[in-house]
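K.L.:
Each chain, written out:
Protein chains: 2
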Amino acid sequence: MKFEIKDRDAAGRICRFTTKHGTVKTPNLMPVINPNKMVITPSEMKKLFGTEIVITNSYIIKKDDKLREKALAEGLHKLIDFDGSIMTDSGTFQSYVYGDVDVEPLEIVEFQKKIGSDIGTILDVFGTPEQTFKEAEEGIKETLKRAKQSAEIKEDMILSTPVQGSVHPELRLNCAKELSKIGGDFYPIGGVVPLMENQRYTDLINVILSSKKGLDPSKPVHLFGAGHPMIFPLAVALGCDFFDSSAYIKYAVDDRLIFTWGTEKLDDISELPCSCPICSSYSAEELKKMSKKERIVNIAKHNLYVSFAELKKIRNAISQGSLWELVEERAHSNPYLLEALNILKLDENKEWLEKFEPVSKNKAMFYTGNHTYHRPIIHRIHKRLEERFEKKSNIYIVLPEGKKPFSSHYAQEIKQIYQINNKVNVIVDSSLGPVPVELGEMYPFAQSVFPGFTDEETEKRISKSFRDFTKDGDVICWRGLSTLNEIEPFEDDFDFDLKTISAVSDIQFGSGSGTVLLDGKVKIVKSKKTSKIRNIYCNEQHVLSMRAHDGMFTLKANGAKLLHKKFKSPYMRVIVKNDAVDFIKEGKSVFAKFVEDCDPELRPLDECLIVDKKDNLLAVGRCILNRLEMLSFDYGMAVKTREKI
Amino acid sequence: MKFEIKDRDAAGRICRFTTKHGTVKTPNLMPVINPNKMVITPSEMKKLFGTEIVITNSYIIKKDDKLREKALAEGLHKLIDFDGSIMTDSGTFQSYVYGDVDVEPLEIVEFQKKIGSDIGTILDVFGTPEQTFKEAEEGIKETLKRAKQSAEIKEDMILSTPVQGSVHPELRLNCAKELSKIGGDFYPIGGVVPLMENQRYTDLINVILSSKKGLDPSKPVHLFGAGHPMIFPLAVALGCDFFDSSAYIKYAVDDRLIFTWGTEKLDDISELPCSCPICSSYSAEELKKMSKKERIVNIAKHNLYVSFAELKKIRNAISQGSLWELVEERAHSNPYLLEALNILKLDENKEWLEKFEPVSKNKAMFYTGNHTYHRPIIHRIHKRLEERFEKKSNIYIVLPEGKKPFSSHYAQEIKQIYQINNKVNVIVDSSLGPVPVELGEMYPFAQSVFPGFTDEETEKRISKSFRDFTKDGDVICWRGLSTLNEIEPFEDDFDFDLKTISAVSDIQFGSGSGTVLLDGKVKIVKSKKTSKIRNIYCNEQHVLSMRAHDGMFTLKANGAKLLHKKFKSPYMRVIVKNDAVDFIKEGKSVFAKFVEDCDPELRPLDECLIVDKKDNLLAVGRCILNRLEMLSFDYGMAVKTREKI
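Going line by line, the protein sequences match chains B and H. Each residue of the first sequence is one higher than the one before, counting from 1 in the working numbering. Each residue of the second sequence is one higher than the one before, counting from 1 in the working numbering.
Wrong hints could be hidden among the right ones.
[As the list claims (entries may be wrong)] Pairs of lysine-lysine, DSS-like flavour, derived with a Cα cap of 27 Å: (1) B/Lys265 with H/Lys403; (2) B/Lys25 with H/Lys460; (3) H/Lys460 with B/Lys345.
[Said to hold, decoys possible] Which chain H residues stay away from chain B? Per the calculated CB distances, all over 10 Å, these: (4) Lys350; (5) Val449; (6) Lys460; (7) Asp579; (8) Asp597.
[Unchecked claim] Covered by chain B, per the in silico footprint, the following chain H stretches (three or more residues, Cβ under 8 Å): (9) 233-240; (10) 261-269; (11) 299-311; (12) 333-347; (13) 368-374.
Since the hints were derived computationally from the structure, they do not count as laboratory data. A virtual CB, placed ideally from N, CA and C, is assigned to each residue, including glycine.
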């Protein structure tokens, strides 16, 4: 099994997952195949929806003489006529529904191996939401025992070991931690179907979060039994990689159509609210008049078109950096999902999510409602402002929200103020909270779209952020030129570009880094076209380049040397193993398995110093993974090296 | 021309619109056809997207020798090879873009008539958003003059006379009122393209609302130049019936794809976030690699698939009664659209919208965010509660929000309280505001889905509604059985069913109606299956039936007689013209053109008394239209008669 991160947003990720039967792009959906009755065959799914992986039930196959014999003789892939990856379930869900199953835990693992399943699942103990703490604990104990025994006999089958623990976060966390120590490869989050059936999304989020917090981040996570696209964006944003759907066919049999906002009965639909090939070919009336058999096939296809399109949308949002926007937008179509998002307003959850949040994105941040202000990126910028921004005094001149970037919009005012006193803090009272004008071109301050008035809840939060930031000082609100009279003059050189470089550097690389990088004769080269800062030289050494799209710095080798000299390990470091040193010195990127350790403060897309174990600086690069990921992934890039030393 | 309302929700409507070339279902979209260059032909559009009506430009045809000759010789429909309805534009937009046009106002109307346009447009004066009040006023004066002159020569062509007035609401209102007096048939709202291009949605809503407030409600309204599906739901909810799209092809030429949440450049897309036949057949990579020509056709098709699917979705939402949910959901994907919705929180707008809002819907009301509480239906229920609900005393026993319907959930508590004192008001502190338990099964109190916690803004509004409702009295919060000790005993008969019937009746038919309908020996027949109230007899006369799906009454002939006797005209009346009396007496429904007048308080789906001019009661029925509509529509049903007297 190979599993590597190719792109990311929120705590979600686009990965390449490789089994014996090929490579799957995640997040992805496994349609459930009933080997007894394939309404749409896996190969047809591949053709129509680009299906790369399916799931079927080994217990059902084992119980049926004909299926069992064929599977044992010709293999699972022949049985369902699919040459892609196949996961098998073990009968756990049957034991939940019918109370018991007629198979031994290791027997079913052996059987899955024998029929050639790519991903085989242990017979775990299904934890229902009604379980007491004690009951859930007992179930986990048994699940862990079986997982351990199954791992010993898995051979080259990818072993799926589900996380259980009912709705008790501490049990989920512990179960996840324990499973991560056993030799499983693939982690479903189990026992969630009853939560989804009852729209208990707050519980669902808590279950996903507590499981994810305990799981080895380098392994695929599967939200077991989740096949409704309504929860895909949120589940992906929290780190789920796989879904499986029997919903597409179950609902079709019941004349129900799946949409991203829920499920609707065909009878309640006057016009098909969808653009998929089925809904573009037939009217609601025509569907209603079809034979039952034909209708089931068509609704099932519609259901899969919608589900796979949502996954394309999610992966596209990850590439664009707009996954949170999609999560929030979708939540606004279901009251319970929207309520559940409030869980993400808790600091403990923000802090976990923040570790995975990239520091920059391809697309501007969009306001969608009162949840936007609680996104991890806002949590981070407020934290970095507090910890890393060097205030020049305790005087704050406050400009009202204006056009972005603020530094250009208020160029005149900034000049006027700083010419009188360049030791005051000039900040904009923006919809993202207080923004020092020096940071006006940096992501997300410039790359964000908020309306003039957001909502009462957000406005209250913004005010609070503002008060927190200025609480130690005097606040002077800008009311035009007359405001200048209120500012105590202070004679000094004034160079806004230097202030900008220093401030952005501090936020990106830590407090004091600006001083280090600009300690000497500074030369600033600007773009001829846009007259924006492009390259910064200090004592004739190229130390920094500013990126046009996010107003953040690319750290050059010369800059890296200065920071390396100034700040002690592990600050900004990614420490590589001895084996990798020669490669890095040649300018090659750092693969996760060669990472010895790294600064826990580094975040995806942060600039970093690549060093050997003796802290010799080898190269400068950009993190692809955070520390948790670097230390656990076996495959894929951890740091994209930009420049060797 | 025929135009009649078939279904409705918010201030939106599904209508049948008939021209010489057939019938069109509205709301609908007219793709713009460039007669010089048809990338997708109208007949192909009909096949692929079910296109029923298109728009093309008569000025462009007239200016081109070949096109003009062919159009004059063979007619417009042959020219573009389309047998459906065709609207033509006049060159107004060209005069806005190029400063002037080379045609006289009446000349272009004559030309449109000659080539056989179904809907011809006058050469109005395009009002830009930058116009001063004075400039806009001048433009309107000229537009009105031309409209009047054009109306005189229109013959059997449907004449389209656009509303102008820049962004000045009073001018829009006046222009709309004046146009409604002239003989036009079809009202575009003009001059809005620059607003949409600059995402000035607040201005756009104000323009639509002020135009609609002045326009004859019986005529089709066309948001001229609006072709982006992002604003379709909102525009329809405010009463727009037609859109026209050149966006589908303009954007395609520029490699931009239209989505319901905005427009994206193909280059910025890694995976196509859509299920339409184009996006289900090709990957983003394949589209990027196509020849430019092939790509334009495919993106144009995608753009039209998405646009027409959104219209199907809108019409489906109207049938289901979930148009506001769709409007709000869509707004949460664009910060400016979301901000613009705040305009609908103003009382003056709520009051206008409330006149068109049906009193009951097929689907439960869904909470989507802080705009939900401002929907016209909530405005109405609070108003009807205040004006029509008869409080029994100034003592309020308050139950916390519980499962719906409250009357069943709290059956035990209600009984305990009323057995001690049935003159207190027992109310639930719900997410829709204060709900007297007697109304617990009535729409929307029972048919609504709100989470336990909504949002801070909504919670504040809920508290305020609650305080307003109870401000005159003593509030006792329910804290379990011990609360009973706080209630002053009052000996009286206790019959919760009677209370319920009386309260629902008062809310539906007005204060005091319950007393009138129950004045005698009452017999209540309940459903054997659900034990819910079904039929109510008073003195052995069947007066009311309760509908299971919305907990509201169907008024029976015997009940109607009682209300008719008690309340003076025009209370609850729809007064029909003499011509119609005999038909109504036979039990036929009331068509709009036979309505003489009606109670201004009647709303769509309200029960009503159908009377002749001398106030003889003829029948009882259910309103399809409100008063404004009844008095202006020439076609379609105004009241569905249920029972003759």
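K.L.:
Against this structure, judge whether each hint is valid.
P.N.:
Hint check results:
| no. | hint | result |
| --- | --- | --- |
| 1 | B/Lys265 with H/Lys403 | holds, 24 Å |
| 2 | B/Lys25 with H/Lys460 | violated, 46 Å |
| 3 | H/Lys460 with B/Lys345 | holds, 19 Å |
| 4 | Lys350 | holds, 18 Å |
| 5 | Val449 | violated, 5 Å |
| 6 | Lys460 | violated, 7 Å |
| 7 | Asp579 | holds, 34 Å |
| 8 | Asp597 | holds, 33 Å |
| 9 | 233-240 | violated (count 0) |
| 10 | 261-269 | holds (count 3) |
| 11 | 299-311 | holds (count 4) |
| 12 | 333-347 | holds (count 7) |
| 13 | 368-374 | holds (count 3) |
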